[in-house]
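Each protein sequence line maps, in turn, to chains U and Z. Residue 172 in this note's numbering sits at position 117 of the first sequence; the count goes up by one each step and never skips. Residue 679 in this note's numbering sits at position 72 of the second sequence; the count goes up by one each step and never skips.
Misleading hints may appear alongside valid ones.
[Stated by the list, open to error] Pairs of lysine to aspartate or glutamate residues, derived as EDC-like cross-links and limited to a Cα-Cα distance of at most 20 angstroms, are as follows:
id, chain 1, residue 1, chain 2, residue 2
1, Z, K732, Z, E865
2, Z, K776, Z, D731
3, Z, K776, Z, D740
4, U, K226, Z, D894
5, Z, K732, Z, D773
6, U, K226, Z, E758
7, U, K226, Z, D709
8, Z, K743, Z, D679
9, Z, K707, U, E231
10, Z, K681, Z, D773
11, Z, K732, Z, E868
12, Z, K776, Z, D720
13, Z, K707, U, D228
14, Z, K776, Z, D819
15, U, K226, Z, E882
16, Z, K743, Z, E672
17, Z, K776, Z, D727
18, Z, K776, Z, E748
Please keep in mind that the hints were generated in silico from the structure rather than gathered at the bench.
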Amino acid sequence: MKPDVAAIQVRRWGGLIWLPGLLPLVVVLGQGLGGALGPDPVLALVSRLGWWGLVALVATLAVRPLAVMTRQGWLMRWRRDLGLLAFTYLTLHLLAWAGLLLGWQPRFIGAEVAERPYILVGMAAWLLLLPLALTSTRASRRRLGRRWGQLHRLIFPAILLGLAHQWWIQKSDYTEPVLFSLVVATLLVWRLRRGRRPQRLPKKPSATP
Amino acid sequence: MLIRHRRRTDVVPSDITPEGIYLRRREFIGAAVGALALGGTRPAWAALIDNPAAEDSRRPQWWREAVAARQDGKPDTDEALTPYSDVTRYNNFYEFGTGKTDPMRHAGSLRVDPWSVTIDGHVDKPGTYTLEDVLKGQVLEERIYRLRCVEAWSMVVPWIGFSLADLIKRVEPTSRARYVAFTTLHDPEQMPGQRARLSGIQWPYVEGLRMDEAMHPLTMMVVGLYGRTLPNQNGAPLRLMVPWKYGFKSIKSVVRIEFTETQPPTTWNRMQPNEYGFYANVNPDVDHPRWSQARERRLPTSLFNPNWRETLPFNGYADDVASLYRGMDLQRFY
Chain U
56 MKPDVAAIQV RRWGGLIWLP GLLPLVVVLG QGLGGALGPD PVLALVSRLG WWGLVALVAT
116 LAVRPLAVMT RQGWLMRWRR DLGLLAFTYL TLHLLAWAGL LLGWQPRFIG AEVAERPYIL
176 VGMAAWLLLL PLALTSTRAS RRRLGRRWGQ LHRLIFPAIL LGLAHQWWIQ KSDYTEPVLF
236 SLVVATLLVW RLRRGRRPQR LPKKPSATP
Chain Z
608 MLIRHRRRTD VVPSDITPEG IYLRRREFIG AAVGALALGG TRPAWAALID NPAAEDSRRP
668 QWWREAVAAR QDGKPDTDEA LTPYSDVTRY NNFYEFGTGK TDPMRHAGSL RVDPWSVTID
728 GHVDKPGTYT LEDVLKGQVL EERIYRLRCV EAWSMVVPWI GFSLADLIKR VEPTSRARYV
788 AFTTLHDPEQ MPGQRARLSG IQWPYVEGLR MDEAMHPLTM MVVGLYGRTL PNQNGAPLRL
848 MVPWKYGFKS IKSVVRIEFT ETQPPTTWNR MQPNEYGFYA NVNPDVDHPR WSQARERRLP
908 TSLFNPNWRE TLPFNGYADD VASLYRGMDL QRFY
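Go ahead and model the full structure; you've got the sequences and the hints to work with.
Spelled out as structure tokens, the structure:
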């Protein structure tokens with residue numbers, strides 16, 4: 056087996072994404088504690104964590120098209136940590152909803168999940184992402200081989216469920232869900248057309264010999 | 608010679624936080640957090656929050672005098688009032704945007720003086736009345752009402768205004784008047800939210816009441832809050848307040864009151880009839896299809912206390928208003 060240079064690069068550089076990536080979390084927590092989220096900060100916190108999670112998820116999906124189109128293979132180093140960042144925000148979104156908003160009360164959490172389809176859809180999206188986060192290590196990637204790639208296609212249904220969740224919570228003003236959906240649709244179309252051709256990433260001798 | 612090897616867990620003098628800083632840690636955290644949150648620049652609306660009297664001081668004198676001459680009204684409540692800054696910073700007024708702080712930031716463009724209200728339909732004295740005419744000779748009252756939003760949050764607000772019944776009696780509706788329809792100003796130039804393409808809302812905003820609901824002594828026309836003239840983002844200069852119904856019924860910045868024979872088509876009901884009923888009476892037993900109405904968050908809440916409380920039938924005004932709906936199936940007429 057060839058040494059997995061790309062994976063080593065991920066380990067060396069991918070982590071850098073966390074510095075800017077966690078900034079929104081710090082800001083939103085600061086705003087919440089400092090009173091800048093308004094008189095109902097928990098709801099604002101929950102919705103912003105979800106928003107950033109969706110942004111990071113879409114960004115994760117965009118890494119490969121961007122790397123291929125701009126012929127910058129090194130961009131792929133960021134994908135794994137970007138995906139984990141998305142999962143972090145979405146996990147915090149879920150925890151803030153269940154813990155801060157509903158106070159960990161099984162009665163209320165159960166009722167919300169059972170009666171609100173959009174919550175069920177959001178939870179399903181998170182559950183689809185869970186195995187991806189768990190198998191994000193290099194060891195898992197090696198162990199699963201070709202099946203790793205197949206498994207990680209779960210990001211597509213997850214992101215579609217995430218979009219459905221976003222559409223569902225709107226009362227009016229569909230500008231944001233429309234924009235998110237257009238971006239995701241573009242990425243999916245690119246992926247479907249690309250998928251028929253053999254996978255080819257531009258290779259730089261320095262990055263992936 | 609004694610060689611001291613420092614163990615890793617030993618505390619060295621430089622590790623000890625001076626007491627002064629230790630005692631000030633909250634202040635320090637607060638300042639750091641505040642600097643982060645505000646990003647060093649103050650938003651344009653900050654001045655408004657710092658000095659809520661500024662907008663009030665630009666209001667015409669007759670309006671300010673009417674508000675100043677208010678009397679104590681009923682009902683009162685001993686529940687804690689929602690602070691003025693929250694009442695004026697957290698609003699649903701989609702004419703100025705769908706975000707909770709959009710109205711506060713954008714409602715400055717609304718011109719509330721001069722203002723007139725067209726009263727028409729089945730009345731003996733139709734006409735266009737200036738707000739000054741409406742307030743002339745009208746004794747205003749301060750009434751503390753709970754405001755329950757359909758989104759499951761609530762506030763307690765000291766409103767200033769008068770019973771809608773007073774106004775209705777003055778214009779003498781005919782026997783054919785069975786409903787009252789209210790319309791908000793429609794002017795995309797002043798109201799940026801009305802320029803949004805994907806809002807899904809058909810402007811102008813319309814709400815309505817059955818005649819007996821409109822005549823109920825609790826039903827109020829509001830021109831002020833917290834001792835001041837009504838801020839733009841709260842529906843200046845003239846808004847409705849029906850305390851036993853979800854907030855969206857209490858239409859803001861009213862320019863027309865029409866007396867009709869048939870139930871008027873109302874904005875949210877027209878948009879999502881299965882989610883927003885015509886009656887929209889606060890009812891913990893009838894959920895919004897997307898969320899429960901059994902509880903509400905009483906604002907302000909904090910990050911670690913969502914301040915849930917049980918929602919009461921008719922928002923706690925059942926003794927006064929339940930009789931209006933005797934014999935009606937409230938699950939069906941929600």
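Cross-check of the supplied hints:
1. Z:K732 x Z:E865: holds, 12 angstroms
2. Z:K776 x Z:D731: Within the cut-off at roughly 10 angstroms; holds.
3. Z:K776 x Z:D740: holds, 15 angstroms
4. U:K226 x Z:D894: Judged against 20 angstroms, a Cα distance of about 15 angstroms means the pair holds.
5. Z:K732 x Z:D773: OK: K732 (chain Z) and D773 (chain Z) at ~14 angstroms, within 20 angstroms.
6. U:K226 x Z:E758: Roughly 10 angstroms between the alpha carbons, so the hint for K226 (chain U) and E758 (chain Z) holds.
7. U:K226 x Z:D709: holds, 15 angstroms
8. Z:K743 x Z:D679: holds, 19 angstroms
9. Z:K707 x U:E231: holds, 16 angstroms
10. Z:K681 x Z:D773: holds, 15 angstroms
11. Z:K732 x Z:E868: This hinted pair holds, its Cα atoms lying about 17 angstroms apart.
12. Z:K776 x Z:D720: violated, 25 angstroms
13. Z:K707 x U:D228: holds, 13 angstroms
14. Z:K776 x Z:D819: The hint holds at about 13 angstroms.
15. U:K226 x Z:E882: Between K226 (chain U) and E882 (chain Z) the Cα gap is close to 10 angstroms, so the pair holds against 20 angstroms.
16. Z:K743 x Z:E672: holds, 11 angstroms
17. Z:K776 x Z:D727: This hinted pair holds, its Cα atoms lying about 14 angstroms apart.
18. Z:K776 x Z:E748: holds, 18 angstroms
Going down the numbered hints, you'll see the structure goes against just number 12.
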